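*Asks:* Order-wise, the sequence lines are chains A and B. Heads up, the first sequence is in the working numbering, so the first residue is 1 and it goes up one at a time. Heads up, the second sequence is in the working numbering, so the first residue is 1001 and it goes up one at a time.
The set of hints was computed from the structure by calculation and includes no laboratory data. Do not rely on the hints blindly, as some may be mistaken.
[To be verified] Stretches of chain B that chain A covers, calculated by requiring three or more beta carbons in the stretch to come under 8 Å of a beta carbon on chain A:
id : stretch
1  : 1004-1011
2  : 1085-1098
3  : 1102-1108
In this text the structure is predicted, and so the values were computed from the model without any measurement. For each residue, glycine too, the CB sits at the ideal point set by N, CA and C.
What follows is the residue order along each chain.
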Amino acid sequence: MTPAITTTGLTKCYGKTAALNDCTITVPEGRISALIGPNGAGKTTLLKLLAGLSKPTAGQVTVNGSVPRQDPAFLAEIGYLAQEIPLYRRLSAEDHIRAGAHLNPRWDSASVRERLAALNIPLDRPVGKLSGGQRAQVALSLILGKRPRLLLLDEPVAALDPLARRNFLGTLTDGVAVGGLTVMLSSHLVTDMERVCDHIVMLSSSRVQLCGDIDDVLAEHKLLVGPRKDTTAIERDHYVVQVTRTPRQTTMLVRLNGPVHDPAFQVSDVSLEDIVLAYMGEDAPPARAAFTSVGDDQQ
Amino acid sequence: MTWLVWRQHRIQYILGAALLAAFAVVIVIAGDQVAAQFHHAATTCAAGHGCEQLGGLFMGNKVVGFLVIATLGAPLIVGLFWGAPLVAAEVEAGTTQFAWMQSVTRKRWLTVKIGWMMLAATIWGAVISILVSWWSSPTNAEQLNQFDPGRFDLVGLVPVAYSLFAMALGIVSGALLRRTLPALAVTLAGFVGVRALVTLLLRPHYMSAVTTYYNVTRGFNPAGAFWSLSQGVLGPNGQPIAQINNVPYFDGIPQTTLPASCASAANGNGNPSGACVQALSHYRAFITYQPANRFWAFQGIEFGIFVVLAAALIAVTAAVLLRRDA
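Only chain B is shown next, with the shape it has when bound in the complex:
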């Protein structure tokens, strides 16, 4: 079976490997450039000549930066071009009737085919993730925004799980619909939909968020690249302070409810007076956030979710194909 799978799909495998190789060359060349820039900026920062360069949005070549962001869609390549046609194209061409009438059970046919495809998807996701993680390590070293969808989704474990999920989604849609074109549409919509749902609705709640209350005058910043979910100010009675447009605020509190001396401090005229500080002490600020050190736990949880989804889809494929009449 392995021989047939390789012979049937070798063009796909070779093309896939070539794409990965090209991507690797671009990333490695560009990565050196980023590392040099980062080193320069870090030295400037350490020498006290300003650290603003470190906070730069994009480091290195902007085209490469765009390419890296575009790897968000990389799982779709395997899902659409490998997964969806895997069963559908064979059913359309009738070649399942060739394969299923050799001295090989349908179960074995399916196991070997899906096995190699899932392995290919794993390699695809892993190589891209390793390259992107390496490329972005200088900027990650700044510990900025590591939970951002544009960053969290590109590095670490999750790209592998996304690839497996996209592949499984392609395979199951092809097996259920028995036609390649509709299977492509379902794979595309399904992948984007599920990824968006998980990112927006599930990810913030993988672990219960930490809420810290603090005195507005002191301020508080969680350590490292934390993920802020919400923040605000509570009034003297514990009621949240509504933030309204076009009202002057001081430390998140409308100036109208504070002593007049706070206004001058708000306008930058010296430190707040004792009366102002006294008034502010009745207010508490809070921040609800996911601590920075949960990054890998979150990666692991999201990896698990997508791997379980992929496994469920493969189980559906097997149940359908092994039971259905040819």
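Bound-form chain A, shown alone:
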């Protein structure tokens, strides 16, 4: 089965600054992938490259088995929702549904109307007069109505209050339940994503820090707590994401490459949020470990 998304060395520069640098990821079909990263990490850049809205400076990108391009067949399989939730403010939801029917080959008007009716969103009111949460729901329902194979959502819940956020993600999971759909949604918050996602891509400082199924990520990453001692043996065998040293204790978040042999260290599970935060605190490329120190023992 070909993956829904593959990128190799994908790079996008605006002027001299790289918004996305050497990004290599794979998202298998059917996953709901969380694209996590701090503001300015390159999430929007990556999503636009995947949608074909912008062209890469270097590297390859394959989406649904083909290179993103201006072609009705390619566009029909992609649903992209920009962060600004772009809709024609003076037009109603019904107008948007009819526009979608004119512009898409596999359009499903009935499901969009049904979904919006279930949410009590008026179809005849200009969308500019709806609340932010309702607008986001309209936009998401429209994109699901297009029946794409890949859904790309850029910070869809960032502007929503907690209730609207839950409703939105509910609509999303219902839509995905139909099957055959791969989703990538970006956010800078891990907690929302953890509930609905089974795959994660983490960007920081324009680079990929992490890419994989969440279960695998959780299994690979462990917290090592032990006495303050030399840790070069562990650094040699595993990839140390973050180290915290106090006068008496060393705490390390590591990505394991096998079992930990040093009995001095206690190994425990760590939450996805902690893993993500550890990577965010880390600005170096993933090939090299960097250390952060807290406490009175500054290096």
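Please build the complex by placing chain B on the supplied structure of chain A, with the hints as guidance.
*Replies:* Using the frame of chain A, we list chain B on its own:
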């Protein structure tokens, strides 16, 4: 795509059509009045009771006359209110990201949008031109000043080309600047600037002007409503005679260089004497002009210039939008 374009812009289209309809009603009512006045004046003229009414600057209602002159600015309405926001407003609202992620290529989106807008601009220009041409046909029948900017620019083919140009200019400024307000300013300045440049610098040279030399005593007038570019008098050696203020002239020649008998003729005391006529025969007058029958050739050339400009601007819009990242 057509459905979306219509749904998005239907208020503009309806408003535009309403404006045209209102203008048509005013022109048709006023046009009848002008026709009646013209008929009356023409009959008076034919009966030998004086033709001065025919040369009247304005016929009919002065307000309508002003409205007709104001149609010089009509292309700006489509350029500013339809053209400039066409791409800019969508980029500002982010709705390009909605349109470009439907199963429709950007190229098709642009083609359909621009296509309908250019068609609307054509209709706008054509209807106004037809109405104004019809309204002013009685005065045009006098064959006066048909090359004047206040007349040439209002009738025939050129208003259509101006509309297309203004629309294309609005679209391209909106696409390049991505913001409506600066695009409006550029459209306004660009349209006025290009129109003024073409009118003042290019139009007189669409075809090489005709220069006719003639004897000052006989006089010469080209046929019909010609366009005079320059005229003057050449001395016995072929040198141009400078026209200086406060010097008495006779047939464009300073009286001081002519026999005294010319002065009395200049003051209206009888015909010039033989000596005067003899002296005058050494002078030649000339007129450089565009003949009246070139009117439609000039209309065609100016139409072509503005249509080519509009096409070039649309090509730039397409090149920019199809290549640029969203």
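*Asks:* Let me make sure I understand: some of the numbered hints might not hold for this structure. Which ones are they, in numerical order?
*Replies:* none
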